[in-house]
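**Student:** Assemble the whole structure, with the sequences as input and the hints as a guide.
In order, the protein sequence lines correspond to chains A, B, C and D. Residues in the first sequence are numbered consecutively from 1, following the working numbering. Residues in the second sequence are numbered consecutively from 227, following the working numbering. Residues in the third sequence are numbered consecutively from 484, following the working numbering. Residues in the fourth sequence are numbered consecutively from 540, following the working numbering.
The hints are simulated quantities; they were obtained by calculation from the structure and are not laboratory data. Heads up, the beta-carbon is just placed ideally off N, CA and C, and yes, glycines get one too.
The following label-pair restraints were derived from C-beta to C-beta distances: (1) S154/A x I554/D: 28 to 36 Å; (2) A461/B x L607/D: 47 to 55 Å; (3) A487/C x L247/B: 39 to 47 Å; (4) W310/B x E86/A: 16 to 24 Å; (5) L607/D x W310/B: 32 to 40 Å; (6) H618/D x W250/B: 50 to 58 Å.
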Amino acid sequence: MGTSVRQSPREYNPLVAADEDQPALTAENLACERGDRLLFSGLNISLDAGNLMLVEGPNGSGKTSLLRILCGLAQPSAGVVRWRGEEIGKARERYCAELMYLGHNHGVKGDFTPYENLQIARDLAGAQSAVTLDDALYDVGLAGFEDAPARTLSAGQRRRVALARLLVTQARLWVMDEPFTALDTDGVMLVEKMLERHLAQGGMALVSTHHEVRVTEVNIIRLELR
Amino acid sequence: MWLWIHKFGSPKYFYSVSGKLLPWVAGATVLLIVMGLYLGLVTSPADYQQRETVRIMYIHVPSAWNSMFIYLLMAVAAAIGLIWNIKLADIVAAVSAPIGASFTFITLVTGSLWGKPMWGTWWEWDARLTSELILLFLYLGYIALQSAFEDRRLAARASAVLAIVGAVNVPIIYYSVQWWNTLHQPQSLGVGMSTIHLSMLWPLLIMALGFKLLYVVILLMRTRAEVLERERNNAWVQELAQALAGRDFFRSGNEYR
Amino acid sequence: MNIAEFFQMDGYALYVWGAYGVTLVVLALNVMLARQQQRKALRAILRAAQRDRSRA
Amino acid sequence: MSGATGVWGALGTLIRRDLLLALRRRAQVLNPLVFFVIVVTLFPLGLGPAPNLLQKLAPGVLWVAALLSAMLSLEAMFHSDFEDGSLEQLLLVPQPVFIIVLAKALTHWLLSGLPLLLLAPILALWLHLPNEAILVLLITLALGTPVLSLIGAIGVALTVGLRRGGVLLSLLVLPLYIPVLIMGAGAVDSAAAGLSVGEHLSILGALLAFAVTLAPWAAGAALRISVE
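**Tutor:** And the structure:
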């Protein structure tokens, strides 16, 4: 499985500079109940451009629920999430335009080829980056698999198609729920390199993971969920 | 008004208020129903045409009114729960459904019993009976959806959407069935009365009020039980339990407090 | 109207008392289930309270 | 570049996406149509071939069969997207949620409602329905089947997260289909009897307008709940 990580990184045009006066993503005393269990409560979060927040904690501590609440996919039982000062419930479209979510299941259609999957993701996304679909697929190591139906690809390769979605769109906030699952060592390096570049360009990321994320000169905020 | 909803919406406040209210409402219900039955069964006259079977009206019509009233109230409670996220409203909606379904079932059975002497068959596709049957399906759909979710919060919100959609469709279903009935049976032998004398009207209204209060009694009891279940690891429930345990609840056997 | 005629209901006893009977059964069932649920809930929190008291 | 596609662009993309997906699994599209034909042919076998009997029952039979086959194909509307996680991605598209529902309902109609429309005349002939009634049948199906897709979308959105949502779906959706069935079959019935159908069709049109406004909001809210 030829996976080559390009040496000279394709120059990606920098993200649109945002007004930096207040942190982009904030959450005040978030609480979440699953069934009758209280996963977490009184959680405050503030994430700004250029920062990476790592959400760590044992299984079942509510990492996935927290990420889904911050994306607006789930409702907290208490507290409020704000993007650029606006509640995400009210500013839903503006928030979704600057957000990309990579969940447990990758959201790649098996009947489509990686190329088609990316094309649709880009057409529906808020802002599109200058990277062409083929270049994005090349960068995530799917060269040669562009036109094979995604169901014939391995789980790791389908995860890479989902990662390619991040390259073809111009999302300022990446929310990744255990992005390293099903990825080989090259894949893990690819994700780390993508995060580095994204954060260097003023993007921000929220990653839940059990692995150590080796990224250099990046401001990491660790959030421990019991 | 908003403060009131929020204050009354708190389960603790609701539990204590409903505790005091329940005996009175229950008493009033029993009084009304006994009075209604006495007037309906004993003093009011038989109908010249239907003779004694008209007495079934005194439970059929109040049940029919209740079945519709409870469905709409359920939809309103569900909407309040969905929009303002008030847990108590979700409980009221979830608990009202079986009660409403029971009244709808009663309406159907008493309707067919009432119609049998006149129509000669146990079931007649009469407009009102058919609408009640469809209303029963709406109730069953709501209850089935409610129980299909594991997470109570999701169950409440999903069934709230269904209750609102259902409530919006009830008038449409009612008029299309009415319309369908006149289309196929020009002369509709409807169950019920054209004119009601005063002596029959009183028992009917008293029974209707009695049935509404009965719904409130069952609703309060079921809601109180549900609140205790859902709030059991809250402080106020534990205090209540300590207080009751202190007074050896088992011997005193009172369960309204 | 003496008692026998009352229960006779002019020959429609089956229909009238049938209807009243079904109504009584269904409503009584609702009330009993509600009471039972209330007692079950109370008993559950009491047992929890007694367990805490014994442990405290 | 700001939002790459406007609302209508997104709608177009979503419809193209779903049509392409459906054509990749042609069987799933054909099954409900074959079901429609089989169900209608069961009735002459069950009731005997007497023409005037069949003609009398034709409107009801055709409409009930259309309704059931439309419902059969509802499940596929969100199920595969829910399974592979693309439903979450769709809900995070920077467009109003009802656009997703409209696109899905329209695609469902194109793949089930429209083919029913094309098949119905043939089956109507099998049931000896008079010609002017067949025309009215087509009009009522044209007005009615989109309502089936739209209201069905609400039911599917409510049950997509549940394991055995199929049976529950029919319990939720069929009572809401009753007004459409009454108006549709009623129109064909009175057309066969030579009566006026204006009233029926206007009510059907009103039901369609009502469904187009209510369903997207309700199904959108239901989707956001089911994905949680």
